[in-house]
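Engineer: Given next are the chains, with one letter for each unit.
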Amino acid sequence: MSHHIVEAIELCHRYGDGTQALTEVTFRIHHGESVALVGANGAGKSTLLQHFNGVLLPTSGAVRIGEVPLVKETLRDIRRTVGMVFQDPDDQLFSPTIGQDVAFGPLNLGLPPADVEARVRAALDRMEALSLKDKPAYRLSAGEKRRAAIATVLSMTPDILVLDEPTSGLDPRARRQLIGLLRAFHHTKIIATHDLDMVLDLCPRTLVLHEGRVKADGATREIFADEALLAACHLEKPLTMQGCLMCGEKRGI
Amino acid sequence: MDQADDCGPNVGGLCMHMADALLSPAVGGIMWAASAAAVARSSRKIQQELDGNRIPLMGMLAAFVFTAQMINFSIPGTGSSGHLGGGLLLAILLGPDAALLATASVLVIQALFFADGGLLALGCNIFNLGFLPAFVAYPLVFRPLATGKAGQLPRALAVLLGAVVGLQLGAFGVVVETVLSGRTALTFRAFLLAMQPIHLAIGLVEGVVTLSLLAFLQKARLELPRPTEQADTAGRATVALGLLTLLLGGWVAWYASKHPDGLEWAIQRVTGQSELQGTASGWHGRLARVQATTAVLPDYQFKGSQEGSRAVTSLSGVMGGAMTLVLVAGAGWILHLRKRRA
Amino acid sequence: MVNLGDRFRDLGRMDALGSQESTLHRLDPRAKVLVTAAFALVVSSFGRYEVSGLLPFALFPVSLAILGEVPWGYLLKRIGLALPFMLVLGALNPVLDREVLLHVGPLAITGGWLSSFSMVLKLVLTVASAVVLVATTGVDGVCQALERLGLPQVFVVQIGFLHRYTFVLAEEAVRMLRARELRSNGHGLTHREFGPLAGHLLLRTWDRAQRIHQAMLARGFDGNFHMLRRSSFGPRDLLFLFAWCAIFLLLRIVNFPMLMGSLVSGGG
Ligand SMILES: Nc1ncnc2c1ncn2[C@@H]1O[C@H](COP(=O)(O)OP(=O)(O)O)[C@@H](O)[C@H]1O
Ligand SMILES: [Mg+2]
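Residue numbers (the numbering used here), protein chains in the order written: chain A, 1 to 253; chain B, 254 to 595; chain C, 596 to 863.
Hints were generated in silico from the structure; no laboratory data involved.
Errors might be hidden in some of the hints.
[Claimed, not checked] Below, a list of computed lysine-lysine pairs in the DSS-like style, where the Cα atoms sit at most 30 Å apart: (1) LYS135/A / LYS592/B; (2) LYS672/C / LYS472/B; (3) LYS135/A / LYS672/C; (4) LYS237/A / LYS215/A; (5) LYS298/B / LYS72/A; (6) LYS592/B / LYS133/A.
For clarity, every value in this text was computed on a predicted model and none was experimentally measured.
Starting from the given sequences, assemble the full structure and let the hints guide the process.
Structural biologist: Written as structure tokens, this is what we have:
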């Protein structure tokens, strides 16, 4: 199933106002991998993610999804393959009710109503959000909103899931629940985040982005152990890897 | 009346809302038809656009206007407060078609949620506050003044004038519709003289606020759409038709203003059917006429000599009214009990 | 300004009421919208001086409010908010129209009093019916009904967007106003401050619109909306529609208060 591969080749992006957000970003993510994208605010994480389903197109370089180059002509198919969860769930939950939001994608695919219904239920159920189906988005908690937003993408049955800061704004309990749910996915996952503890939990591989360039790409634990690298990229070691405050001992990595 | 929220001493859009209670079904129905046609036409044009990128923008800007309308600010030197109306702003940012839909959606939500205006009055309100600014003030006043290489000052003038004209037209619409409906005792002249000056002030405030918002957007280097000259012929025809309707309405209202049920009276007057001339002025004759045409029990309260029967009628009216209210309350109570038990 | 928060709490309250469960809530939204429209039409068809004939129409909002479990306090509050404007307009009538039309015992009643009373009564009736409609149907339900009754789809979607994001924007606006209030020593908002404040809000609104569009594109949006249609118009809905329309018609033709009054007082 080679079509779960995500590849960026010397990808550059410059915004209309001249901001150079990405410079020669190159990497290859394989089927079923779970990769974290970390970096300080403004490092270019969101910009990079938006290239994976054509919200943004490269200024130069290329993006390939499953060996297919992402260009205008392939956009439609690639958007079925890559599910994108935006940073702010309010941007993704735009319909009057959550159920309608989750149905939005499948309806655009032209599926018959019965199939759409089935997909809506399955996606919501998967995110433990079935009870939210008839609720309007503004009456949901932050955690519920996040799960609903992910369900809107799952109902498209994507092969690749791209998530932009999924745990930001969640309380510890909602965060735990979300991490548990994400772990159960067998999709290829790309997660942009500041939550390095979650990265330790979910992603064996990490890409470090700094000022639009890839500073490191490798095994998560090795990267997080490299204090010089983290400091240079304005990142902090995850709490679970810092020395134990109570007893001064280092926990085993 | 310091309902700070709605009708403070000097408010914008909200006070200009037509209300169901002021409308006759004929006027309400005609305006409904006119607004429905305009909304349908604009919807078709928006739907034809390729990737529908204006659809979320329309929705968001409508939400913005709706929210901003509820933020009151003080107006220096007057001790009164105002708020944004947003009609011209939407037209400048979105173009007339999308602006009409956005304003209309705000009015629908206001009618449904806050019962501002009401369902029947919705047609009037969409016409006064949506159609007139977007399809008359914007293309006929703002656009000619602000096109091409117009400098800062002419552009500012265009905004001010556009806002003032839009609100003057809207106020005129309210006057015409109210008088034609014949539900108030206000004469055309008196209402006109009350409404237009107030709305001159409201229009100036609207213009200034719109201007400061546009200036802010420009400073933030948001790419504002440049007004273009093109206006299709169908659009021109719509505009002309809208204006014509309004003027004709004003003329008819002038005639109708002294008479109850203004529109019906004026239509009869204008079409030269004069058989009602004699009876139209007195309430007695009128009631008799209405009774004769609509009641199952014609004339039951007009037997006998006039003065005597009128007193009896009204007394029985009051008693009957009281009994009706008691009955309604009783029915409500029974329903309530039944629901409790269920 | 504080009103902003209040108004939006009301908005949320209304929606919460709309998603309750009751016999009335379960009716097809179209039936309720049509009946409410018929109600507004019939009520407004009464002439300038009509008072007694309007009274029986209270039956509609009252019985629906009970069946739909709309809280009385809430209903009265909404009516109260709509009243002032009409009271001011209505207060002019007795001054302008002094022709005596009625005698109730020793009391001479002028046309102005009758017409202003009639206006206020109509306002109360139409406002109450609109409040009851939304409180038993929800905005979503009303929108669905409007779409299926032939309103253009883009427009219905537009109303949905507006309703949805009003809550998001209001939250942002309230936050900004509160932050300003903390620094303002109790001074009210001036028109000078309003520009930048609303401008900031507008900019964020604009950006959000862009992001929403991207989110829509990402899920295959091509400019056309497809809707799942669930509700179906059954016999109960038909009965509801026709029964109420028949009642309205009857009450419009026969002036029951007059009839009862004249029977009791023997004046007929
Ligand atoms: N729409 C835009 N226009 C111009 N510059 C932008 C835009 N979006 C982001 N940027 C800039 O691009 C850089 C990367 O931003 P972003 O990808 O959002 O970073 P991150 O998600 O890592 O915080 C930042 O300097 C940001 O200011
Ligand atoms: Mg980001």
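Engineer: Kindly indicate which numbered hints from before are broken by the structure, ordering the numbers from low to high.
Structural biologist: 2
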